[in-house]
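J.: Kindly generate the complete structure, drawing on both the sequences and the hints.
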Amino acid sequence: FAQKRAPIVSKAAGLHQVQEDLARTRELLCLMEKSKSNLMQDLTRAKRNVEDLTMKLLEKSKSRGETIQSNKTDDNAIMSHGNGNHQIEIDSMRDRYENALLEIEANKQAMEALKHELFVCIEAKDEAVRLAGEAMTAAESTSRRVSELSFELSRRNTRQILPTNNSSEIRL
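With the sequence shown counted from 1, adding 1466 to any position gets you this note's numbering.
Honestly, the hints are just simulated from the structure, not real lab data.
Treat the hints with caution; some may be incorrect.
The calculated lysine-lysine pairs, modelled on DSS-like cross-linking and capped at a C-alpha distance of 27 Å, are [what the hints assert, rightly or not]:
(1) K1574 <-> K1522
(2) K1528 <-> K1581
(3) K1500 <-> K1513
Estimated spans, in silico, between C-beta atoms of each pair [unchecked claim]:
(4) F1617 <-> E1583: 24 to 30 Å
(5) R1514 <-> M1602: 21 to 27 Å
(6) C1496 <-> R1621: 36 to 42 Å
(7) R1596 <-> S1620: 32 to 38 Å
(8) G1531 <-> E1499: 44 to 50 Å
(9) N1504 <-> Q1626: 37 to 43 Å
(10) E1525 <-> D1487: 55 to 61 Å
(11) R1596 <-> F1617: 28 to 34 Å
All figures in this text were calculated on a predicted structure; none of them were measured in a lab.
Each residue gets a CB set at the ideal place from its N, CA and C atoms; glycine is no exception.
T.: Structure, rendered in structure tokens:
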């Protein structure tokens, strides 16, 4: 039997190298899992921010509608009195009109700010989803590598305990 045997030292060194690679790969997999967890938390926070911004926008719209309704009621009350002093009524209406315009402008600015915050949150969410996908892909690749290395290690371990050609010598 002319099979060439590798020196015991090199096989042991190879086995040791595979075990070190396996340990490093497991550490990398653990780090990737932590990264995935952090990204999922970021995504949850981004979703909460979007929900909060939506609620704020709805509250502002509701507040604006109530203000307009209140102004209409006031206008109707002034017109129904008919006390003859039309200039006072006109001045009062002008003041309310100007106040309404200022409030509308303030609401527009608030809505623009909320839109901006919403877009920032959406971008953060998209980035978190992208990073989570990359982390999952890397974790799957690492998991496959761990399986391959485990198989190789197992295969090498079974070779170590097999006797060769009626001798009691153990191959490494």
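J.: Taking the numbered hints from earlier one at a time, note which ones the structure violates and give those numbers from smallest to largest.
T.: 4, 6
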